[in-house]
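*Asks:* Residue-level listing of the chains:
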Amino acid sequence: MGIITVLWEKWVEFRRDFYKITVAAMISPLMYLIIFGLGIRVTSHGQPYIQFLVPGLVAMCTMTGSFSAIAQNMSVQRLYEKALDQVMVSPTPLWQFILGQIIGGSLRGMYAACVILVLTTPVRRGLVFNGLSFFIMLLNGMVFATLALVLSFLAKTYSDAPRFNTYIIMPMTFLCNTFFSTEEIPDGFRQVIEIIPLSQASGMIRSIAQGEAPELIGFAVLAGWLVILGTISVVFIYRKKNL
Amino acid sequence: MIELRGLTKKFGDFTAVDGLSFEIKTGEFFGLLGPNGAGKTTTISMMSTVLLPSSGEIYIDGTKLTRAASEQKRKLAVITQEYSMRQDMTMDEVMEYQGRLYYMPRKQIKERSAQLLEFAGLSDYHRRTVRHLSGGMKRKLMICRALLIEPEILLLDEPTAGMDALSRRQMWNLLKQVNNRDMTILLTTHYIEEAEALCDRVAMINRGRLQKLDSPQVLIKELGEFTVDETGEGDLKSSHFATREEAIRYLESTGAGSVLRQTTLEDVFIDVAGRKLQ
Chain A
1 MGIITVLWEK
11 WVEFRRDFYK
21 ITVAAMISPL
31 MYLIIFGLGI
41 RVTSHGQPYI
51 QFLVPGLVAM
61 CTMTGSFSAI
71 AQNMSVQRLY
81 EKALDQVMVS
91 PTPLWQFILG
101 QIIGGSLRGM
111 YAACVILVLT
121 TPVRRGLVFN
131 GLSFFIMLLN
141 GMVFATLALV
151 LSFLAKTYSD
161 APRFNTYIIM
171 PMTFLCNTFF
181 STEEIPDGFR
191 QVIEIIPLSQ
201 ASGMIRSIAQ
211 GEAPELIGFA
221 VLAGWLVILG
231 TISVVFIYRK
241 KNL
Chain B
1 MIELRGLTKK
11 FGDFTAVDGL
21 SFEIKTGEFF
31 GLLGPNGAGK
41 TTTISMMSTV
51 LLPSSGEIYI
61 DGTKLTRAAS
71 EQKRKLAVIT
81 QEYSMRQDMT
91 MDEVMEYQGR
101 LYYMPRKQIK
111 ERSAQLLEFA
121 GLSDYHRRTV
131 RHLSGGMKRK
141 LMICRALLIE
151 PEILLLDEPT
161 AGMDALSRRQ
171 MWNLLKQVNN
181 RDMTILLTTH
191 YIEEAEALCD
201 RVAMINRGRL
211 QKLDSPQVLI
221 KELGEFTVDE
231 TGEGDLKSSH
241 FATREEAIRY
251 LESTGAGSVL
261 RQTTLEDVFI
271 DVAGRKLQ
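Chains as they are written, first to last, in our numbering: chain A, 1 to 243; chain B, 1 to 278.
Check each hint, because a few of them may be wrong.
Which chain B residues stay away from chain A? Per the calculated CB distances, all over 10 Å, these [said to hold, decoys possible]:
1. Ser84
2. Gln170
3. Asn173
4. Asp235
5. Arg261
Capping the alpha-carbon separation at 16 Å, the derived lysine to aspartate or glutamate pairs in EDC-like fashion look like this [said to hold, decoys possible]:
6. Lys107/B with Glu82/B
7. Lys20/A with Asp88/B
8. Lys241/A with Glu57/B
9. Lys176/B with Glu150/B
10. Lys212/B with Glu266/B
11. Lys10/A with Asp88/B
12. Lys25/B with Glu266/B
13. Lys64/B with Glu3/B
14. Lys107/B with Asp92/B
15. Lys82/A with Asp88/B
16. Lys82/A with Glu82/B
17. Lys241/A with Asp13/B
18. Lys110/B with Asp92/B
19. Lys75/B with Glu152/B
Keep in mind the hints are simulated off the structure, nothing from the lab. By construction, the Cβ of each residue, glycine as well, lies at the ideal position given by its N, Cα and C atoms.
The following block holds chain A by itself, in its conformation from the complex (with noise of 0.2 Å):
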């Protein structure tokens, strides 16, 4: 009942954001798209470049917004508007307060995921998108939108959101598996990139769309991470001192 009371309020927000949530959405990965894909035009793997590219993308824009649509959010909510005070005195369990705002944001993420792939349509030619890259894309997304809860909580000003976008989720877009193969990253360094969730959900996606079987390993690395930073937002509700 709480996770419908969270994802109504979600869907409050998409409705009236709507435009903004859209265009939003459709920049930066537009961007990349005219610059590495159509701009200069190169061949990876064999075959044009945006064919590698647009996986990536996809991957990359369930980060994004699912990232952005919770950490800004709970941020401003948290320390701002002080609305999670609201919350927090309800009898609705906090558990399902946090599992409704990473469905949440999670689906915001597939909703930013599929605008690229509405976009790409005439330029992605052969790739294949299926249930099974649906359900990467809702993993990234709630690994991503658990992470940003968290750093929510730990937000002390209202300004640690974009610094968080920048220390945590650029860096990410660029070296996780989007624009190049982790296979291009040195030994030592490479294993570390490939922990961290978009390099296998970026991995996964870009698989399926060649027709190939994803790599288990995949699953397990996203669902670890959803287990222990779930576990560390669930704590922090229940547990820190002072929300």
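Dock chain B against chain A, hints included.
*Replies:* Below, chain B alone, put in the same frame as chain A:
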């Protein structure tokens, strides 16, 4: 009944609330008074579980209040000092969100919400977003939101702050009405006359510690029911006396400009706080 047992809250080295213990009876209108920084808001924040105590406990009807205590929290509604609402929601959405958080059926939310907004004179603005409301309207909306769920316990943190005198009186009447329905009310306020007019008992705290606790009448009697104010060249000096005769004798011994009057709860408060109200 609400019980605070040794409630303490520390922020680093600073102790905001220090071993606060008292009980609030069911249906009681209870005031929590103190100067700025006394720990009133921190106490309310702990009672609404936004802050967790460093030590001590809060019990509601004998059960410890925690963030997981949904049954206890169902009884509680809070009106905070700040406008703790989503600024981008409309009034209708704010009310619906509150109702949903308390598992109210949608039909009931809509009906009751319409009644409350009408009662508060806000029904013409029900589709307006919170950020476009005046301070007074936001305050009224917070009250409607709290009353929507028909709470057994209402925690009010400076509910009339920033309101004009007329709105404040209307608020007093409203609070008296809801208290008559056996709702337990905890009120923190800077307006001491508000506490005197509304509260059955008041607790005075300073630097997080309980200083006095009793009915306003008893507290006034303890200090002395008559006060002589001396307005000399320095600060205003007030002296308190148990009887009118004693007060008159003292008045006659002072210079011109001294005034005899009834002692108020504000005198008790100033006596406890050791300084004038801000």
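*Asks:* Evaluate each hint against the coordinates.
*Replies:* Structure-based check of all given hints:
At roughly 4 Å from the closest C-beta of chain A, the C-beta of Ser84/B falls inside 10 Å, breaking its exclusion from the interface. For Gln170/B, the condition that its CB be more than 10 Å from all CB atoms of chain A holds, with the nearest at approximately 24 Å. No Cβ of chain A approaches the Cβ of Asn173/B within 10 Å, the least distance being about 25 Å, so the stated non-interface status holds. In this structure Asp235/B is separated from chain A by more than 10 Å, as the shortest Cβ-Cβ distance comes to about 37 Å.
Look at Arg261/B: its CB is around 40 Å from the nearest CB on chain A, clear of 10 Å, so calling it non-interface holds up. Between Lys107/B and Glu82/B the alpha-carbon distance is near 29 Å, which puts this suggested pair outside the 16 Å criterion. For the hint pairing Lys20/A with Asp88/B, the CA-to-CA distance comes to about 14 Å; that is within 16 Å, so the pair holds. A threshold of 16 Å between alpha carbons decides the hint, and for Lys241/A with Glu57/B the separation of about 14 Å falls inside it, so the pair holds.
Distance hint between Lys176/B and Glu150/B is fulfilled; the C-alpha atoms sit about 15 Å from each other, no more than 16 Å. Distance check on the hinted pair: Lys212/B and Glu266/B sit about 13 Å apart at the alpha-carbon level, within 16 Å; holds. A distance of roughly 12 Å separates the Cα atoms of Lys10/A and Asp88/B; the hinted pair therefore holds under the 16 Å criterion. Distance hint between Lys25/B and Glu266/B is unfulfilled; the C-alpha atoms sit about 24 Å from each other, more than 16 Å.
Taken as a hint, the Lys64/B and Glu3/B pair is honoured in the structure, with Cα atoms around 9 Å apart against an allowance of 16 Å. For the proposed pair Lys107/B and Asp92/B, the alpha carbon gap of about 13 Å is at most 16 Å, so the pair holds. Taking the CA atoms of Lys82/A and Asp88/B, the gap is about 13 Å. The hint holds against a cut of 16 Å. For the given pair, Lys82/A sits about 8 Å from Glu82/B by alpha-carbon distance, which is consistent with the 16 Å threshold.
With a C-alpha separation of about 15 Å, the suggested pairing of Lys241/A with Asp13/B holds against the 16 Å cut-off. Taken as a hint, the Lys110/B and Asp92/B pair is honoured in the structure, with Cα atoms around 8 Å apart against an allowance of 16 Å. Proposed proximity of Lys75/B and Glu152/B is supported: the alpha carbons are some 5 Å apart, at most 16 Å.
In summary, the structure is inconsistent with hints 1, 6 and 12 from the numbered list given earlier, while agreeing with the others.
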